[in-house]
Amino acid sequence: MTATEFALRTDGVGKRYRKGWALRDCTLDLPAGGVIALVGPNGAGKTTLLRLVVGLLAPSAGSVEVLGHDVTAGTPHTLSRVGFLAQEHPLYKRFTVAEMLRFGRACNLRFDQGLAERRLATLGIPLDRRAGTLSGGQQAQVALALALAKRPDLLVLDEPVASLDPLARHEFLQVLMGAVAEGGVTVLFSSHVVHELERVCDHLVVLDHGRVTLTGDIDTLLAEHRLLVGPRTATDLDRAGAVVQAVHSDRHTTLLVRDGAIPTAPGWQARPVALEELVLAYLRRPSASGVAAWRG
Amino acid sequence: MFVFRLDTHSGVPPYLQLVQQVRQAVLLGFLQPGDRLPLIREVVEDLAINPNTVAKAYRQMEQENLVTGRPGQGTFVDEQQSPALSASTYTSLGRGLAVWLRRAYAAGLDEQAVAALFASVHQQTRKEDVA
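Chains as they are written, first to last, in numbering that gives the first Met the number 0: chain A, 0 to 295; chain B, 0 to 130.
Source of the hints: derived by calculation from the structure; they are not laboratory data. In this text, a Cβ means the ideal position worked out from N, Cα and C, and glycines have one as well. Fair warning: there could be bad hints in the mix.
Said to hold, decoys possible - Here are the simulated distance ranges between beta carbons: (1) Leu-166/A / Asp-109/B: 29 to 39 Å; (2) Val-2/B / Thr-121/A: 18 to 28 Å; (3) Gln-244/A / Tyr-104/B: 32 to 42 Å; (4) Gly-73/B / Pro-89/A: 32 to 42 Å; (5) Asp-111/A / Thr-124/B: 53 to 63 Å; (6) Pro-89/A / Phe-29/B: 40 to 50 Å; (7) Arg-35/B / Gln-86/A: 39 to 49 Å; (8) Asp-127/A / Arg-35/B: 36 to 46 Å; (9) Ala-115/B / Leu-279/A: 17 to 27 Å; (10) Asp-109/B / Ser-248/A: 15 to 25 Å; (11) His-121/B / Leu-114/A: 42 to 52 Å; (12) Ala-60/A / Gln-79/B: 57 to 67 Å.
Throw the hints in and build the complete structure from the sequences for me.
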């Protein structure tokens, strides 16, 4: 495969802090042109992975390749094609919006100020206001407009909507998805909110305790998994494929299986699994791979 | 203009939901041959949905000959698209179902029990047809 098919490839990437490994054996091939969600609980290593991708951290092991180039080398050319929006959408609070734009233009090789101004005008955000006096949703929009003005090929966002109210969240995602619709940008964002991921993402990476536990195209993952509900049983589940999660009540057994056939025994029903259920099942799974929490 | 909805709790992939909504609207006559579907961009900005999802739905509808894409103009409900069921078949099946539903409610089933029974029998029937 050629490099341009992948926006991001990592090979055995790990990051070790003094307390231990925040990320281990992380191998990913993420396609270009998609919207990729990085999901996991707090402390799973999401921010560490994103910081490795944008070159703010150097890996302790393995390699990170962004847009076909090794970022460990940290070339300005590659980094100029990557946009990064950190958690809480940091802006210089005492700068006006216009000053933030000038700052963006001065600090980037590529910067489409007209594009940013048009976006902000559409949203009704005045250029002469100080960033610190804008609402949380507007600050997020200014930060997003700055990141998009760079016309990045890869846009990395760390928990972009976590701090926003539902309306601001919807408006933020409208702008972000609109940018994807214009073409040319791959979006990688982290979230601990699983709800509503399905509508914005086509690719998923689940991170838990510093390890990748599930990754793939979302439609494929949903097609591969199903929920089987039947009479309580603890045995004879072999034909059900790989059991991700088994929940037993007094009379019922609910199984989340991957690549399984529907049991032929009477009383069994299969139904599709929702993305949220799927992610939660993988997060609830006991760490079978023998992973220790790095926070200890 | 046709307006899409999205149910994030149904377990049905979003692209399939879009396809099903158009299929259903054509079946029920809410969409007629020649009607234009919204542009991908419009659906994206309306629903805050991934454009690849909308594109995938539109591709699938084209493959099913449900719609035709005309470059530079948009996507239109196919002129050849005649409802899969004739109006009379549709009405008579609907009547049969209404009779059955009344019997079910009279027997004491509630809405959820009806849905559960339908799902179970539907699945059983499909399984038998495959076998």
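For this session: Just tell me: holds or violated, for the beta carbon distance of Asp-109/B and Ser-248/A against 15 to 25 Å?
Result: 22 Å, holds
For this session: For Gln-244/A and Tyr-104/B, compare the CB-CB distance with the range 32 to 42 Å and indicate the outcome.
Result: 36 Å, holds
Exercise. Between Arg-35/B and Gln-86/A, does the beta-carbon spacing fit 39 to 49 Å?
Worked result: 42 Å, holds
Problem set entry | Verdict for Asp-111/A, Thr-124/B (Cβ pair) under range 53 to 63 Å | Since Asp-111/A and Thr-124/B have Cβ atoms about 57 Å apart, the given range 53 to 63 Å holds.
For this session: For Ala-60/A and Gln-79/B, compare the CB-CB distance with the range 57 to 67 Å and indicate the outcome.
Result: 59 Å, holds
Exercise. Does the Cβ distance between Gly-73/B and Pro-89/A fall inside 32 to 42 Å?
Worked result: Given about 41 Å between the Cβ atoms, the range holds.
Problem set entry | Cβ separation of Asp-127/A and Arg-35/B, checked against the hinted range 36 to 46 Å | 41 Å, holds
Exercise. Has the hinted range 40 to 50 Å been met by the Cβ atoms of Pro-89/A and Phe-29/B?
Worked result: 47 Å, holds
Exercise. Between His-121/B and Leu-114/A, is the Cβ distance one that fits in 42 to 52 Å?
Worked result: 51 Å, holds
Exercise. Regarding Ala-115/B and Leu-279/A, is the given constraint of 17 to 27 Å on their beta-carbon distance met?
Worked result: 23 Å, holds
Exercise. Quick one: are Val-2/B and Thr-121/A within 18 to 28 Å, going by C-beta?
Worked result: Since Val-2/B and Thr-121/A have Cβ atoms about 22 Å apart, the given range 18 to 28 Å holds.
For this session: Go ahead and decide if the range 29 to 39 Å is satisfied by the Cβ distance of Leu-166/A to Asp-109/B.
Result: Distance hint for Leu-166/A, Asp-109/B holds at roughly 35 Å.
Going through the hint list in order, the structure satisfies each hint without exception.
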